[in-house]
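Colleague: The lines below spell out each chain.
Number of protein chains: 2
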Amino acid sequence: MAPTNERHMNDTSSKASASPAEPKGKRPPVLVDGVTLNGPTLDIREAESFLRDAMPIIMEEAVWKATDVKEKVCEWRSPEQLKDLLDLELREGGEAHPQILQRCRDAIRYSVKTGHPLFFNQLYAGMDPYSLVGRFITEAINPSLYTYEVAPVFLLTEEAVLQKMIEIIGWQEGGDGIFSPGGSVSNMYAVNVARYHHCPDVKVLGLSALPRLVMFTSQECHYSVAKAAAFLGIGTNNVYVIPSDKRGKMIPAEFEKQVQRAKDEGALPFMVNATAGTTVLGAFDPLEEIADICERHNLWMHVDVTNSVAWNPHKMLMAGLQCCAFMVRDKTNLLQRCHSAQASYLFQQDKFYDVSYDTGDKSIQCSRKPDAFKFWLMWKAIGTKGLEERVDRALAMARYLAEEIKKRDGFRLVMEPEYTNVCFWYIPPSLRDMADGPDVCTTPYLQVAPVVKERMMKKGSMMVGYQPHGDKANFFRQIIISPQVSREDMDFLLDQIHSLGMDL
Amino acid sequence: MAPTNERHMNDTSSKASASPAEPKGKRPPVLVDGVTLNGPTLDIREAESFLRDAMPIIMEEAVWKATDVKEKVCEWRSPEQLKDLLDLELREGGEAHPQILQRCRDAIRYSVKTGHPLFFNQLYAGMDPYSLVGRFITEAINPSLYTYEVAPVFLLTEEAVLQKMIEIIGWQEGGDGIFSPGGSVSNMYAVNVARYHHCPDVKVLGLSALPRLVMFTSQECHYSVAKAAAFLGIGTNNVYVIPSDKRGKMIPAEFEKQVQRAKDEGALPFMVNATAGTTVLGAFDPLEEIADICERHNLWMHVDVTNSVAWNPHKMLMAGLQCCAFMVRDKTNLLQRCHSAQASYLFQQDKFYDVSYDTGDKSIQCSRKPDAFKFWLMWKAIGTKGLEERVDRALAMARYLAEEIKKRDGFRLVMEPEYTNVCFWYIPPSLRDMADGPDVCTTPYLQVAPVVKERMMKKGSMMVGYQPHGDKANFFRQIIISPQVSREDMDFLLDQIHSLGMDL
Chain R
252 MAPTNERHMN
262 DTSSKASASP
272 AEPKGKRPPV
282 LVDGVTLNGP
292 TLDIREAESF
302 LRDAMPIIME
312 EAVWKATDVK
322 EKVCEWRSPE
332 QLKDLLDLEL
342 REGGEAHPQI
352 LQRCRDAIRY
362 SVKTGHPLFF
372 NQLYAGMDPY
382 SLVGRFITEA
392 INPSLYTYEV
402 APVFLLTEEA
412 VLQKMIEIIG
422 WQEGGDGIFS
432 PGGSVSNMYA
442 VNVARYHHCP
452 DVKVLGLSAL
462 PRLVMFTSQE
472 CHYSVAKAAA
482 FLGIGTNNVY
492 VIPSDKRGKM
502 IPAEFEKQVQ
512 RAKDEGALPF
522 MVNATAGTTV
532 LGAFDPLEEI
542 ADICERHNLW
552 MHVDVTNSVA
562 WNPHKMLMAG
572 LQCCAFMVRD
582 KTNLLQRCHS
592 AQASYLFQQD
602 KFYDVSYDTG
612 DKSIQCSRKP
622 DAFKFWLMWK
632 AIGTKGLEER
642 VDRALAMARY
652 LAEEIKKRDG
662 FRLVMEPEYT
672 NVCFWYIPPS
682 LRDMADGPDV
692 CTTPYLQVAP
702 VVKERMMKKG
712 SMMVGYQPHG
722 DKANFFRQII
732 ISPQVSREDM
742 DFLLDQIHSL
752 GMDL
Chain P
252 MAPTNERHMN
262 DTSSKASASP
272 AEPKGKRPPV
282 LVDGVTLNGP
292 TLDIREAESF
302 LRDAMPIIME
312 EAVWKATDVK
322 EKVCEWRSPE
332 QLKDLLDLEL
342 REGGEAHPQI
352 LQRCRDAIRY
362 SVKTGHPLFF
372 NQLYAGMDPY
382 SLVGRFITEA
392 INPSLYTYEV
402 APVFLLTEEA
412 VLQKMIEIIG
422 WQEGGDGIFS
432 PGGSVSNMYA
442 VNVARYHHCP
452 DVKVLGLSAL
462 PRLVMFTSQE
472 CHYSVAKAAA
482 FLGIGTNNVY
492 VIPSDKRGKM
502 IPAEFEKQVQ
512 RAKDEGALPF
522 MVNATAGTTV
532 LGAFDPLEEI
542 ADICERHNLW
552 MHVDVTNSVA
562 WNPHKMLMAG
572 LQCCAFMVRD
582 KTNLLQRCHS
592 AQASYLFQQD
602 KFYDVSYDTG
612 DKSIQCSRKP
622 DAFKFWLMWK
632 AIGTKGLEER
642 VDRALAMARY
652 LAEEIKKRDG
662 FRLVMEPEYT
672 NVCFWYIPPS
682 LRDMADGPDV
692 CTTPYLQVAP
702 VVKERMMKKG
712 SMMVGYQPHG
722 DKANFFRQII
732 ISPQVSREDM
742 DFLLDQIHSL
752 GMDL
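As they're listed, the protein sequences go chains R and P.
Residues 252 to 755 in the numbering used here are what the first sequence lists, from first letter to last.
Residues 252 to 755 in the numbering used here are what the second sequence lists, from first letter to last.
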């Protein structure tokens, strides 16, 4: 029989089956365990018609309306109300297409529009059309990045993006990296690589065979550092927390003191997590001074031009969730040595191509989404220059907002912004007449931001985050990212907060 | 000023800026650090036109052609060729839309079509239109599942799916769960929850304060168990590997021996990982007997109706990568206690709604994709009955294939399939005339599957995995999942392998 690219549809030799064969169309059906096996059971024309109906809904409701400044950011419903509206129960029977299409509309309607120009609630925002197309492509193709044979395009684009990111970091001798399902997981990679670098035995012997390991981070660090310490068996008590200064930057002298303390206790200090852009204040730790201390004490430095970096293009660069690279300054195949398990059913060494392209074993995952591709496509479309312009504009916008806050009655900056985080209080008129301005730690003051937030969400007009911080009462944290955001939105933000909170 | 839902576009009070103001349209531009801040810089009409051009390409090339049995499964290029074809370099300037659209076409063209009916290479396959629409929705909305306020619909659908899955598992007293970015991560959750259950101190004190912990798994388990042990600081040497029988099932008596060995050594045995459907052979460990041993020795049992389960609907149930639930038989908020870090900027306790819906702190992640939604939507569309029918049909199809293999010259089953993994050798005529059939361990035999695989990939006709296993030379592992797969495809598969390998 001649090999063809098509399924051999001319094969009429109906191989015998024990089942009773009733003719159905051209060929007798093959029945096994009561199941007919002739032909596919997924009706591809029905699938096509469903997708044809669903796509305009998605484009109209989840893309265009969801990014239109004249539409609501959210359509608030309480959990109880929303449960009723969505009819969440999963039943024995299925539902017809019109009903499923209505479910799609409802899911979109009651979802928060994170691409809306007035969504400032998290450290990500906005909609980039190139990244979105990249995401639609990868969802349709449904690849998994274990091996080159299964995901050739996506492994190569991941490699290209990582190399470019490493070039931008400035590691002239090169490096290695892997995309992970989030910055938290990237930080876990850093902890694991750092301890493996110090004690390669940890992979096989575990921590019980080692001295107590101690790592360092600032009090302003992301909470994933504590999660990493707990998850990786280090223990949160063995994360020595370094005080930060008033601007949120790690104090180098305090760091060195804590290293000495760990050594005096007989523990093994092995790494520091430095932060370039803290979660709340957007502060940058003094990386050079920290690097000097690391060199003196032989510590691994993470988030730095020294050893390893966690960089999340899904935030400031708008690549869409999830898009997170972990990169390591290394040419010794450290990622592979540290994480490999050499599964023979995936990473066969007798393949017909160069298996060094099968990079999946560098990961702690098996199945892995192609998160670099959307970033690559967006980067191709707008260029490095386009990415730079977006960041520069967001920084300028943050500067504008900070200046406006200083000019307006009833607004007060927590501190001058260093990055795109603008942290500020709103002070309603009733609290403004305290001598020398309100004490921002007072109990009535603590409630202003939560109430304003509740009102803005119920109205659906915008979303911005708030939190207390150290001895400071709840303040707003405004993050600017999207190129859809304009100066007018900054003015609107302040006007809205005032109109929502002036009666408090 | 009256609050509106619209951005306040009538505000003509141009707040002073230090920058030189040149009139541009109605309002003077605001310049900060050389950046004009008036109006958005993302041209939404241009974005719309790009998406309008891109979507038909995606639907045609990445959905319909990619699932059409008459098209190729893959368009093989070596890494070097593909690098040239894709022009991967990221440059300073961007590219025009026609060029980006061509890049989309190329990316799709050279990608492996995992939804193709003849893609049998991994433990996932097929295309479900409802799941795909769910994925397009979540990519467009771009949510992150930290808190109810940011992802109300997606947190509620996750909860509904988890509750239904727990009901199907049969935990009548209920349970808890979280979707994770993969089965490997779910297995890490299991290890962490199990050790926390035994020694809650591990979260703060770390493993260095505990006796040596030992866990158990069978020799047939997925490689993520070793990765978990390394990553979580247990150490791979402290994973005691239990021999399996010839069918790939853990031998209970050997398990109990190993538990005793760990105890005799003064270590603390804390968990067993049992497998329901091993990666290569599709074998099921004897769960009941393992559960009895766990009860006797106070061990946590994972993948079982006892303590915790990792269940990946992205595999057999076709929910699309990634869709992985980790579930735990617990009503004491164990997931939260074990993993929480209580970040005050996300999990504020003074919110205006019931913050028990903010389930993000159960996760080891911060940003987290809404992987349950697509599964929920698909489940709604085809019902529990539809899911069951798909699984039943895949099992019947595997049974059909196994019977065909027995009938055909030159094919030999490795063993009777227990699940949808059908493992078999192809024996070319030149090797068939050895006395009593070929010794499948011989060196010439070892090369048959890799060469047949190379030929099928270069032809693009189909994809099926192979691997050696124990003392057995390379054999094919056929996995049946998609309802698009028919009896004719099984016949084609065997015909193709024969026509590709008969000259060897």
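It is possible that part of the hints are untrue.
List time: in silico BS3-like cross-link candidates among lysine-lysine, alpha-carbon distance up to 30 Å [unchecked claim]:
| # | chain 1 | residue 1 | chain 2 | residue 2 |
| --- | --- | --- | --- | --- |
| 1 | P | 514 | P | 497 |
| 2 | R | 321 | P | 334 |
| 3 | P | 321 | P | 723 |
| 4 | P | 508 | R | 602 |
| 5 | P | 709 | P | 323 |
| 6 | R | 334 | P | 334 |
| 7 | P | 334 | P | 321 |
| 8 | P | 334 | R | 415 |
| 9 | R | 602 | P | 636 |
| 10 | R | 602 | P | 316 |
| 11 | P | 321 | P | 658 |
| 12 | R | 602 | R | 323 |
| 13 | P | 582 | R | 657 |
| 14 | P | 497 | P | 710 |
| 15 | R | 602 | P | 334 |
| 16 | P | 657 | R | 582 |
| 17 | P | 723 | R | 723 |
| 18 | P | 602 | R | 323 |
| 19 | P | 709 | P | 723 |
| 20 | R | 497 | P | 657 |
| 21 | R | 602 | P | 602 |
| 22 | P | 657 | R | 602 |
| 23 | R | 602 | P | 514 |
| 24 | R | 602 | R | 658 |
| 25 | R | 636 | P | 636 |
| 26 | P | 582 | R | 602 |
| 27 | P | 657 | R | 334 |
| 28 | R | 316 | P | 602 |
| 29 | P | 602 | P | 657 |
| 30 | R | 334 | P | 723 |
| 31 | R | 334 | P | 709 |
| 32 | P | 602 | R | 710 |
| 33 | P | 723 | P | 497 |
| 34 | P | 415 | R | 602 |
If you are wondering where the hints come from, they were derived from the structure by calculation, not from laboratory data.
Note that the structure is predicted; figures quoted are calculated from it, not measured.
Colleague: Indicate, hint by hint, whether the structure satisfies it.
Modeller: Here is how each hint holds up against the structure:
1. P:514 to P:497: holds, 28 Å
2. R:321 to P:334: violated, 44 Å
3. P:321 to P:723: Violated, at roughly 34 Å.
4. P:508 to R:602: With Cα atoms ~39 Å apart, residue 508 of chain P and residue 602 of chain R exceed 30 Å; violated.
5. P:709 to P:323: holds, 10 Å
6. R:334 to P:334: violated, 49 Å
7. P:334 to P:321: holds, 27 Å
8. P:334 to R:415: Roughly 15 Å between the alpha carbons, so the hint for residue 334 of chain P and residue 415 of chain R holds.
9. R:602 to P:636: violated, 41 Å
10. R:602 to P:316: holds, 27 Å
11. P:321 to P:658: holds, 27 Å
12. R:602 to R:323: violated, 54 Å
13. P:582 to R:657: violated, 50 Å
14. P:497 to P:710: At roughly 35 Å apart (the allowed maximum being 30 Å), residue 710 of chain P and residue 497 of chain P break the hint.
15. R:602 to P:334: Within the cut-off at roughly 19 Å; holds.
16. P:657 to R:582: Not satisfied, since the Cα-Cα distance of roughly 50 Å exceeds 30 Å.
17. P:723 to R:723: violated, 67 Å
18. P:602 to R:323: Given that 30 Å is the threshold and the Cα spacing comes to 20 Å, the pair holds.
19. P:709 to P:723: holds, 26 Å
20. R:497 to P:657: Given pair residue 497 of chain R, residue 657 of chain P is violated - Cα atoms ~75 Å apart, limit 30 Å.
21. R:602 to P:602: violated, 56 Å
22. P:657 to R:602: Satisfied, since the Cα-Cα distance of roughly 28 Å is no more than 30 Å.
23. R:602 to P:514: Not satisfied, since the Cα-Cα distance of roughly 43 Å exceeds 30 Å.
24. R:602 to R:658: violated, 67 Å
25. R:636 to P:636: The given pair, whose Cα atoms are some 53 Å apart, is violated under the 30 Å limit.
26. P:582 to R:602: violated, 48 Å
27. P:657 to R:334: Outside the cut-off at roughly 52 Å; violated.
28. R:316 to P:602: Distance of about 27 Å is within 30 Å: holds.
29. P:602 to P:657: violated, 65 Å
30. R:334 to P:723: violated, 53 Å
31. R:334 to P:709: Measuring from Cα to Cα gives roughly 51 Å; hence the hint is violated.
32. P:602 to R:710: holds, 16 Å
33. P:723 to P:497: Satisfied, since the Cα-Cα distance of roughly 12 Å is no more than 30 Å.
34. P:415 to R:602: violated, 42 Å
Against the hints set out earlier in the document, violations occur for numbers 2, 3, 4, 6, 9, 12, 13, 14, 16, 17, 20, 21, 23, 24, 25, 26, 27, 29, 30, 31 and 34.
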